[in-house]
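Participant: Going down the list, the sequences are from chains H and D.
Quick note on numbering: the first sequence equals residues 3 to 316 in our numbering.
Quick note on numbering: the second sequence equals residues 4 to 668 in our numbering.
Please keep in mind that the hints were generated in silico from the structure rather than gathered at the bench.
Treat each hint with caution, since some may be false.
[What the hints assert, rightly or not] Here are some chain D residues pointing at chain H (derived, C-beta under 10 Å): (1) L542; (2) A544; (3) A549; (4) D555; (5) P556; (6) A560; (7) A564; (8) T571; (9) G574; (10) R595; (11) V599; (12) Q646.
[As the list claims (entries may be wrong)] Result set (SDA-like, lysine to any residue): computed pairs, CA atoms no more than 20 Å apart in a straight line: (13) H:K255 - D:A572; (14) H:K255 - D:E576; (15) H:K255 - D:E470; (16) H:K255 - H:A44; (17) D:K526 - D:L496; (18) H:K169 - D:A598; (19) H:K169 - H:P198; (20) H:K255 - D:A564; (21) H:K255 - H:T33; (22) H:K255 - H:D273; (23) H:K255 - H:G41; (24) H:K282 - D:T591; (25) D:K311 - D:Q646; (26) D:K311 - D:A598; (27) H:K282 - D:L496; (28) H:K169 - D:P556; (29) D:K206 - D:P267; (30) H:K282 - D:V282; (31) H:K282 - H:A38; (32) H:K282 - D:A572; (33) H:K282 - D:P556; (34) D:K206 - D:L322; (35) H:K282 - H:S237; (36) H:K255 - D:K526; (37) H:K282 - D:A560; (38) H:K169 - D:S557; (39) H:K282 - D:S557; (40) H:K282 - D:D555.
No residue lacks a Cβ here, since even glycine has one placed at the ideal position from N, Cα and C.
These are the residues of each chain, in order.
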Amino acid sequence: MAARPRTDDSGGGTHTLGLLYPPAGRLRDYTTMQLAFVGGVAEAAAQQGYDLLLAPAGTHDDPSFPRMIDDWRVDGVIVMEIRREDDRVERLAEAGFPFVAIGRNHRADVSGWVDLDFAGLAGGCVQHLADLGHRRIAFVNRSEQLFNSGYGFARLGDEGYTETMKKLLLTPHTYLCGDDLASGEEVVEKILSEDPATTSLVTMNEAALEGVYRGLTRHGRSVPRDFSVVGVAASPWAEQVNPPLTAAEIPAKEMSRVAVDLMMRRLRSSDSPPRHVLLKPLITLRGSTGRCQPVPGSEPENDLPDFPGLELDF
Amino acid sequence: MRHAERGVALDVGYEPHAPAPADEGFLRCVRRVAEERAPMRYECLAPEPVCAPGAAVPRSSTHHRAWVIELWPVRDPATGEVVGVGTAAFDSSDQHAARQRLALLQEAGTCIGTTLNVTRTAQELADLAVPRLADFVSVDLLDSVLRGDEPVPGPVDAAVVLRRVAHQSAAEGEGVPEAAIDLGGVDTYPPFSPPARCLADGKPVLSGAGDPDFAAWIAGHETRTARVAEYGFHSVMATPLRARGITLGVAVFTRNSGSPPFEPDDLILVEELAGRAAVGVDNARRYTRERTNALTLQRSLLPRDLPKQAAVEVAYRYLPAGTGAGVGGDWFDVVPLSGTRVALVVGDVVGHGIHASATMGRLRTAVRTLADVDLPPDELLTHLDDLVTHLSTDEEDIGPDEPYVVSGEIGATCLYAVYDPVSRVCTFASAGHVPPAVLLPDGTARVVELTPGPLLGVGGLPFECTELELPEGSLLAFCTDGLVEARDRDVGLGLNRLCECLAGPVASLETTCDTILKALLPKSPSDDVALLLARTRALHADQVAAWSLPSDPSIVADARAQTTRQLTAWGLEEAAFVTELVVSELVTNAIRYGAVPIGLRLIRDRTLICEVSDASNTAPHLRRARTYDEGGRGLHMVAQLTQGWGTRQSPMGKTIWAEQPLPDG
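Can you make the complete structure from the sequences, with help from the hints?
Facilitator: This is the structure in structure tokens:
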């Protein structure tokens with residue numbers, strides 16, 4: 003059994019950090035975003051003089067998790083993609099093992115975490131569309147299963163959207179959508195059948211984006227001329243679609259760096275209060291949003307003057 | 004019938020050998036006198052008499068004797084029948100020579116100075132004098148004369164440096180083997196040499212083999228020594244070229260071993276000849292000066308080095324019209340605008356001469372000024388139109404006796420285009436100008452379809468903008484009608500030819516310029532020509548970042564954080580502090596005074612540009628904040644921190660921009 007690291011001095015431990023991330027998904031491939039986090043954490047750790055031990059562990063049952071924790075093979079652990087109820091966090095918190103979470107849940111509060119302000123971002127998306135004159139704004143969330151059991155950001159995004167819509171005295175319409183192309187088409191179908199005058203949507207679901215675009219094209223809605231789409235948080239992949247998605251970019255590098263910084267702070271003085279960092283990147287303007295053009299045949303919107311033919315000037 | 008076979012010389016200068024008895028014409032004349040029984044006069048040239056028997060017959064034709072022979076019938080006093088022909092021959096060489104000189108001078112009046120070209124005029128002098136007066140003639144001029152400058156009045160003393168502009172010799176063939184100096188070459192004449200002496204005295208100088216100065220001069224120059232030895236130059240006359248009291252250069256007349264030496268009488272002739280040539284040269288010089296002045300004026304009005312900018316790569320040509328029409332009023336310009344955009348301008352003031360050039364200069368300055376205000380193309384042309392109208396009215400006030408002003412009307416055309424490398428959109432507006440042509444990267448070339456628009460100065464009619472999205476690497480060609488329009492070709496045909504040239508093999512812009520000029524330019528262009536080529540560049544996602552901002556003061560902190568994040572990604576951390584301050588000032592202003600949507604944009608190009616736009620059209624202004632004012636300092640701070648800031652209006656609102664230099668390294 004390795005000696006327990008001295009938590010008051012970072013120089014005495016293994017000089018290794020652990021990184022826990024869920025095993026590859028359905029397609030047996032890691033996403034660009036996941037890889038960006040892994041690379042970012044490794045780079046930031048190296049700058050602090052630490053090596054990184056990688057462990058694909060989605061739950062505490064994954065064999066690499068106990069190996070890393072029980073044997074104290076690392077000084078501290080950074081946990082990626084935590085769910086609302088995450089037994090990895092549970093175990094780490096119980097064991098008093100130094101950890102920092104990328105993402106957050108109620109248990110993670112005992113330690114440091116860094117996360118995106120999903121509620122604020124979703125609200126910002128609504129605000130952006132409202133600034134462009136849109137009044138009928140739909141919200142496309144992740145899958146039902148993920149929303150109910152899984153990651154907190156799906157709920158946070160939903161809350162942020164609904165709250166901002168209500169503040170603007172608009173009616174929220176939220177939709178759950180599977181992480182695939184077909185679901186994207188279906189959700190557009192549903193949105194436009196429930197309110198054909200919808201002129202814009204906010205999406206949390208990057209995987210279904212191509213489907214959403216396809217569905218809009220089938221309904222004769224051209225993005226961004228007749229319909230605006232804005233993403234809550236998107237990977238650099240959002241630049242590759244046509245038109246490029248206007249969305250807040252997930253600052254993977256900065257989040258990784260902050261996570262490592264929080265870990266260093268924790269290792270240097272274990273009794274310091276846990277710090278929580280909430281990042282709120284701005285919405286990067288690309289090509290998928292424009293001024294609201296009322297849908298022909300829908301009732302006129304008299305509450306605000308509209309500016310036909312005007313486009314956002316940048 | 005008996006014929007007198009031999010004449011009797013009654014002249015004082017008795018010459019037993021002249022004229023030669025074998026002269027066919029003389030014998031025919033004798034027969035006619037005998038047959039017609041009437042006196043006649045016969046004139047002929049005969050070679051210089053041979054003084055000693057067996058001496059060589061002279062080779063050169065330049066020294067013959069002129070004879071006047073009187074013939075009369077001799078009658079038998081008894082019968083009255085013609086029994087013989089009496090002849091009397093007079094040596095009239097002097098009168099003949101005088102007449103020849105007169106003829107030469109008369110010819111000089113018509114042959115020298117046929118053009119307004121200095122070199123050509125000098126050559127005409129040399130051509131006329133050979134071989135009738137000399138075997139070799141050279142004309143050298145002061146350098147200043149060739150440039151069209153005013154030489155110092157009065158004689159030139161001491162050693163003179165002159166440039167050879169013309170020479171001619173009696174030698175057969177094209178070249179002038181006798182010349183010691185090549186055309187265009189420079190020679191220094193020592194003060195004692197005949198050419199330098201004649202310049203010092205202002206009078207022609209006769210010199211030759213017997214003169215020690217001549218010998219010293221020849222000996223001082225190796226090639227000259229060789230030439231003199233080879234051709235046997237023995238007699239030389241140097242005469243200054245003087246007109247209107249100023250000395251322009253020197254003409255040197257030389258005779259070789261085949262001809263007799265010059266005589267003092269010849270000095271008067273060359274002085275007269277040189278005088279006529281000098282006036283021609285001086286006229287040509289004055290014309291050269293006027294034309295150079297006009298061209299200099301025009302060049303100084305046209306851009307010399309176009310400003311550096313990243314939006315387009317440019318190449319340009321300006322060609323003045325041929326000698327006849329003088330300078331013109333074509334111009335072009337490239338003006339960098341805010342946000343890495345660039346304005347491309349080409350225009351044409353109708354007419355030629357200084358007046359057109361001056362008007363062009365005014366319009367070009369006006370366009371630059373208006374472009375700096377960042378007006379959209381259609382608005383800019385409207386302002387320019389107003390200006391031209393005002394200029395026209397101003398000029399109507401000028402008295403009718405004012406030279407150069409034909410009428411108060413100014414006709415001008417202009418094409419103004421703004422290219423934005425971020426959106427890759429080029430916006431054109433035309434005031435009656437030739438439309439541009441565009442070559443797309445796929446190799447297709449076409450004329451950009453524009454609303455032609457009214458000419459400048461017409462007033463009241465609207466100008467229209469045409470937008471064109473251009474793929475990166477498109478080539479825009481702007482020109483004036485001098486290039487595409489010709490006597491035998493209409494504009495459409497010329498533009499088609501221009502498109503064909505553009506679509507040709509891909510070459511550098513400079514080469515393409517030359518290709519276009521070669522293919523389209525008429526042999527002697529009657530109008531001046533301006534050509535501007537611009538290949539578009541594009542700014543990519545790694546150079547531009549744009550974000551949307553809600554109108555909420557709490558966003559300012561996020562905007563600052565995002566700015567730092569972006570600058571870190573660009574490796575410009577050093578600029579982060581200043582940029583954050585600028586961003587928070589501009590964003591705060593936009594939130595406080597502007598209207599949604601608010602946008603923030605960072606551009607990394609030659610400089611770091613920070614832009615905040617909003618939907619309101621009220622422009623900000625610098626205020627002087629009072630001591631206890633909380634606000635009113637933001638723009639002052641932005642102005643202090645950046646190398647420039649400004650604002651531009653658009654149909655959708657306004658944009659405030661601030662530019663700072665990139666950190667070193």
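Participant: Within a Cα-Cα threshold of 20 Å, do H:K255 and D:A564 meet the stated pairing?
Facilitator: Status holds; Cα separation ~14 Å.
Participant: Is it true that the CA of H:K255 sits at most 20 Å from the CA of D:E576?
Facilitator: holds (15 Å)
Participant: Sort out whether H:G41 lies within 20 Å of H:K255, counting only the CA atoms.
Facilitator: holds (8 Å)
Participant: Compare the distance between the alpha carbons of H:K282 and H:S237 with 20 Å, and conclude whether the hinted pair is satisfied.
Facilitator: Within the cut-off at roughly 15 Å; holds.
Participant: With the threshold set at 20 Å, check whether the alpha-carbon distance from H:K169 to D:S557 stays at or below it.
Facilitator: Roughly 16 Å between the alpha carbons, so the hint for H:K169 and D:S557 holds.
Participant: Are the Cα positions of H:K255 and H:D273 separated by 20 Å at most?
Facilitator: violated (27 Å)
Participant: Given the hint that H:K255 pairs with D:K526, does the C-alpha gap stay at or below 20 Å?
Facilitator: violated (65 Å)
Participant: With a cut-off of 20 Å on the C-alpha distance, tell me whether D:K206 and D:P267 pass.
Facilitator: holds (13 Å)
Participant: Would you check the hint for H:K169 and D:A598, treating anything up to 20 Å between C-alpha atoms as holding?
Facilitator: holds (19 Å)
Participant: Check whether the Cα positions of H:K169 and D:P556 lie no farther apart than 20 Å.
Facilitator: Satisfied, since the Cα-Cα distance of roughly 17 Å is no more than 20 Å.
Participant: Please work out if H:K282 and D:A560 have their alpha carbons no farther apart than 20 Å.
Facilitator: holds (10 Å)
Participant: Regarding the pair H:K282 and D:D555, is the alpha-carbon distance no greater than 20 Å?
Facilitator: holds (14 Å)
Hints 1, 5, 9, 10, 12, 15, 19, 22, 26, 27, 30, 34, 36, counting from the list given before, are not met by this structure.
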